[in-house]
Structure formats: structure tokens, C-alpha cells
Amino acid sequence: MGLTDLANPTRFMSYSARIIPWLWALAVLVLGFGLYMALVVSPEDYQQGATVRIMYIHVPAAYMGMGAYTLIAISSIGTLVWRHPLADVSARAAAPIGAAFTFVALVTGSLWGKPMWGAWWVWDARLTSVLVLFLMYLGLIALWRAFDDPARGARIVAILALVGFVNIPIIKYSVEWWNTLHQPASLMRRDGPSMPPSMLVPLLVMLAGVSVLFVAMHLSAMRNEVLRRRVRAMQITAARAAATAGA
Amino acid sequence: MFHGVSFSVEGGHALALRGPNGVGKSSLLRLIAGLVRMDAGTLELAGGAPDVPLGEQAHYLGHLDALKPSLSVIENLGFWATFLSGREAAREDLEAALDAVGIGDLASLPARYLSAGQRRRLALARLAAVRRPVWMLDEPTSALDADGQRLLFALVGAHLSCGGIVVVATHVDLPFATTVLALEAMR
Amino acid sequence: MEILSSLGDHAGFIVAAYLVTFVAIGALIVWIRIDGAAQKRALDALQRRGFRRRADIGVDVDIDADDEETAP
Amino acid sequence: MTALKALFARELALAVRIGGGALMAVVFFLIVVTVIPFGVGPDLNVLARIGPAILWIGVLLANLLAIDRLFQADQEDGSLDLIVMSPVPLEMTVAVKALAYWMTTGLPLTLAAPLFGMMLNVPPQALGAICLTLLAGTPALTFIGTIGAALTVVLRRGGLLLAILVVPLMIPVLIFGISATTAVITGPTPFLTPFLILVALSLFSLVLGPLAAAAALRASLD
Chain A
1 MGLTDLANPT RFMSYSARII PWLWALAVLV LGFGLYMALV VSPEDYQQGA
51 TVRIMYIHVP AAYMGMGAYT LIAISSIGTL VWRHPLADVS ARAAAPIGAA
101 FTFVALVTGS LWGKPMWGAW WVWDARLTSV LVLFLMYLGL IALWRAFDDP
151 ARGARIVAIL ALVGFVNIPI IKYSVEWWNT LHQPASLMRR DGPSMPPSML
201 VPLLVMLAGV SVLFVAMHLS AMRNEVLRRR VRAMQITAAR AAATAGA
Chain F
248 MFHGVSFSVE GGHALALRGP NGVGKSSLLR LIAGLVRMDA GTLELAGGAP
298 DVPLGEQAHY LGHLDALKPS LSVIENLGFW ATFLSGREAA REDLEAALDA
348 VGIGDLASLP ARYLSAGQRR RLALARLAAV RRPVWMLDEP TSALDADGQR
398 LLFALVGAHL SCGGIVVVAT HVDLPFATTV LALEAMR
Chain R
435 MEILSSLGDH AGFIVAAYLV TFVAIGALIV WIRIDGAAQK RALDALQRRG
485 FRRRADIGVD VDIDADDEET AP
Chain D
507 MTALKALFAR ELALAVRIGG GALMAVVFFL IVVTVIPFGV GPDLNVLARI
557 GPAILWIGVL LANLLAIDRL FQADQEDGSL DLIVMSPVPL EMTVAVKALA
607 YWMTTGLPLT LAAPLFGMML NVPPQALGAI CLTLLAGTPA LTFIGTIGAA
657 LTVVLRRGGL LLAILVVPLM IPVLIFGISA TTAVITGPTP FLTPFLILVA
707 LSLFSLVLGP LAAAAALRAS LD
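Residue numbers (this note's numbering), protein chains in the order written: chain A, 1 to 247; chain F, 248 to 434; chain R, 435 to 506; chain D, 507 to 728.
Just so you know, the hints here were simulated from the structure itself, not pulled from any lab data.
None of the values given here were measured: they were computed from a predicted structure.
Ideal Cβ positions, reconstructed from N, Cα and C, are used throughout, including at glycine.
Heads up, some of the hints might be wrong.
As the list claims (entries may be wrong) - Some but not every residue of chain R turned toward chain A, in silico, with C-beta under 8 Å: (1) Thr455; (2) Ile459; (3) Val464.
Here chain A stands alone, though its shape is the one from the complex:
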């Protein structure tokens, strides 16, 4: 079932209607298992003690925030280059979800930082980059809402999304240059994660769980978006019908 098969909205609606319940079930299962491992099984950190458990939601949320923006960028290419009819639907559905995950990453990061650094918010490199990403999400959503006609807005927002995506590495590098207070990125170190497996496994399970949850939410949001466009098309028809019928 290639991407083009999904191009047809109704086929997408019928396929997604079948897949979504299973996705929700899988998400609940994996997240339940992940939370159990994160909260109960995994050991405490010798320095931070129990607060390290916040990592099990902070890191997946931050990854999901990044992942969603990447998905939006890919969808934007779909809108601009392949003119895929569902590309804008996918991007528009992903933005609020990505923004929510980024917000969660910010709040959990702040809560995680308070006991360690003694301040609610520390302008360290990674948290600040996530904050800038959050602002870019708000920009995308605001621009989408500024257009009434989704077809016209799609291309314009797609350009903003791509421009934003290209700038993410630049922002990341410059923010790190601006401040190197944050502890070295343990998970992304070249020589592999420095975390013991007993911590890494729960983290990866949580990451998988959150990803499945994201796909379930994203497909549901896409369905809403398709319905919203059908309502809009019918409202236009209603107005035209009244005009042509000379009622």
C-alpha cells in the first residue's frame, strides 16, 4: 500500500478507521509496560536519586517534538513538490500534537532541572533549543489559522515549515555555542549512550510507546481535518446552491 494509495481521502478514511483502534490499544499496552519499568524497575541515579525518572517522559517528549516537526517538514515537501492532497492535512494535524509534546518536554525539563540546578528554568542549550522549537510550532499554527481557505494556506505554511526545518540545526548549534551549561548529552554521545541498560531499556520502551501514541493521535487528527474540509466544501456548496437556485 504505497503512499499514493493513501492519496485518496476516502480510502484513507476507511483504512485509518480500521487501524486507529489497534494503534490506541498498542499505545496503551507499550506505555503501560514502559511506565511500570520506568517507575518501578529502573534503578535510581547515584547523583540525582529518583528525579532521573522524569527523564523517561522528558526525553521521549522532546524526541516527539522534534519528530513531529520533521514529519511536518516532510509533509510540506509533499504539499509543495508532489502536491499530495493529504500532505497539508497531515502537516496541519501534526502541528498541535508536536507543540503539545514540546510543551511537555519544556515543563518536565523545568521540573527536572529545579532539584538539580535550583532554578525553575535554566537557559541551557538543549532546553532553550526546545523552547525555540515550541515558538516555531506556535508560528506554524498561527499562520495556518490566518488562512480561511486551506488549499491556499497549505503552500504558504509549507514554505515556512521547510524554512524552519532547515534552520533547526543552525539554531541548535548557535544555542549550544551560546551556552554550554547543560550536562553533556548522555544519550546522543558518539560513543553510544553512557546510561546503564537498566535505564536505557525503559527509556527506549517509553520512546516506542510515545511514538505509537503519536501515530494514533496523528491519524485521528488527520481524520478530523478531512472532515473539517468536507464540512467547509459543503458550506460553500450550500451558499452556491442558494445563489444558483435564486431562492
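Go by the hints and put chains F, R and D onto chain A.
Frame of chain A, contents of chains F, R and D only:
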């Protein structure tokens, strides 16, 4: 802008303002409506409420339709009916006004989906929804199709038959506007 | 609750973090559900009034162009 | 009275619906709060000292952002003519529109300020003071802003000019707002004196704003 302009219109009659573009037909309408300050001369509605300025006893239909795209058709009309009359507008009256201009079944649609003609009719519905003795219409037939114009003439006819006054700036001959005030450009 | 005591002295922060996450993601899921229901209701209302969706004039023609659903 | 209630309801609906700019000011405020540390540096002590100033100036600028559309939107679609012609006194109409603008812009900014204050490491007791002073100050910012909005209603690119016109009038509000806040942090001066002056400024602008704005609207429609 004007000088030596004087006119009078009895109840139940309509006055048509004619003249080339830019001669000031719209400005004269806005002046009567009280939107523009009058340097000299008097403006008086014999028989109207004495202390109430003319503008508050008149409807003004300008080139713009005063509609908000994000509000629905009936919300737009409901707002103006309440705001201009000071009383809560009953839904039946609003629906009746919408039917009078032929867009009754678009009531719940957002106004952004209306065509120019339909928006013009929604603006006209304001006149049907709130009773005011004097109507000032600035090229009311613009953007209206044949059916729309028929409804407009019916509305104006009803208004005139119960003693209302209409002052209309127009380029087109209107059946209801018999007496004409031709404005010439200043030499 | 044995878990709470095992969270050590910073238990408050951990609980707060998980709480915020559940509330935020939960609110998002609820919003998606509500939005879906609202769109379906609007769609039914319009369809009940007999307006077919296959709009030859509709702006998003490509969205509906190859659609087989037969409106009532 | 029902007419003003209808106007208030319409203004709120317009701000909240798709095209409306209700939360736009809060996002702009967040951007201001985010950008300044990139300039000043991540040092928390510096940020803590200038925190209240960043918050207040952020709110002042964010409040100015959408206020030029307060009358211009109505003027462009013809609503302003009907509003001026209606039996409802123009001063009351302007006051109601300003109140609706404050509810959808000033209030969210005031509620967001303590949250953003935490990002600037502003001490907790000052967060309360900031929220209180903004609650007293934002009405003044809004009502003074309406004067600028009315003055520039017919100008094409009024937004920029509006800021230049009214920001000088807002300086007293800024001064007493920040002095009341810093009174709580460093505190030789008591909190109450500047705060009460701030409230007085707000009440004064509650009266001056609608009067001046209504006069400006009538003049610009002429």
C-alpha cells in the same frame, strides 16, 4: 463641498440623487446621516422625534456591507438588530428579515462563504429587521441580481407605502425614485 | 503507596512532571475526540439539509474529486 | 444596555474565532521573553534583576501589537459608520471595545507573566507583585492604546505610528509598575505607594481613553 443644495422629501416618497461620479452623491448621503459635519444650513426631519439626531432615525446602506466573515449570517444580522434598536432581536424577526431578502436558508453559514450579492442582501436585511423612518441608500442595486433587485424594490415599496422616506444615490433609473435631485460638479 | 516513598525527597517534582504530562496529553486526546465529534455533527447537519458534498464548484475539488461515496 | 452587551459579545466572539488574535499577544510576549536572554546572556542573576523590566516591557509591546486593528477592522468593512450613527454613545462603545480587547489580550498577558517570570528566574514573591501590578496596569495600557488606535484609524500603515504616538503616554504606567514590583524584591520603597498611583493612572485612563478616542473617531470619519 456643497453650496446652494436644498431639497425636501415628503413621507412616502423617494428622492434620487443623480450626477456624474465624484460629484458628491455619497458625501451628501453621509452628511444627512450625520457622519460628516455640516458647516452651514439646517437638516430637519419634520414629524420625527425632536431631540433625536437624524442619524439615529435613519438607515444608511453604504458601499460596504458591515459584515464580519467569521460570524454566521444570523449572528451578523442579530448583532446589528440589537445594536441599532437597543432591544434583544427575536430570532423569528431575524429569520423573517432574511427571508424578505431571499437568504433565509443560509442563516447558520459563516458570512465568509457568501457571494457579493448575498452579502449585499444580508446588508439589506438590516433595513428590514429594524424599523427606521428614513432610508439612505448608496447605489443599493450594485451586486444585486435581477431577483435581488426585485426584492429590494419590494422592500422599498413597503417602506414607502407606510410613510417612510428614501434618499438614494444611483446611476440607474429606479422605479420607486420619481423625484430627482441632479447634482452638478462645481465650476 | 510504596511507590511514593521510593521516589525520595524530590517526589513532588516527579509526580508533578508525570501529572503535567498526563494532563497535557490527556487534554490533547480529549480535544481530538471533541473536534472529531463536532465535525461529524456539522457534516450530518449539512447532509440532512440535502447538500451533496461532491461540489463541482467547491474549492477543494482535488480532495473530493475521485470520491465514490454516494451522497443521499 | 443590551446593545452594549451585544457589542461586547461580538467583540469576544471575533477575537476568539479563527481570524481573531486573542492569544497572538501572548505568543509575542513569549518571544520577547525568549529573545532577551540571548542578548543579555544566560546568567540567572542578571536575568533575575532585570526580569520585572523584561516582563513589563514585553507586556507593553505585546499589548500594542493588535490594538491598531481595534477600529480599523470595523472601518474597513463599514461597521464603524453604523456604530457612529447608532443611538449608543460612541464613548461607551469605545469603552466596551477596549474592555473586550483587555479581556482577550491584556488579561492573558497578565496571567502569562508569572509563568514567563519563572523563566527569567524572578524570585517567587516578585511573581505575585508582577501579576498584581500588571492586573492594575494593563487596563491603562489598553485604554491609552485605544486613543492611538482611534487616531490612526484611517491611516493605511497606522500600526507603527500608533506605537510612536502612545508609548510616551504609557511611560508613567511603566515606571510605577516596575517600581512597585522592584519594591517587593529589593524594597527600600514600600509596595503600596507606587501601586496605588498605578491604579490611579488606570482609572484616569479609563475616563480619558474613551473620550479622546471617540473624539478622534468622529474627527477621522469627517
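Going down the list of hints, with the structure as the test:
Using the Cβ-Cβ criterion of 8 Å, the hint placing R/Thr455 at the interface with chain A is satisfied: the shortest such distance is roughly 5 Å. About 7 Å separates the beta-carbon of R/Ile459 from the nearest beta-carbon of chain A, less than 8 Å, and the hint is met. Checking R/Val464 against chain A by beta carbon gives a least distance of about 11 Å; that is not within 8 Å, so the hint is violated.
Hint violations for this structure: number 3 only, all remaining hints satisfied.
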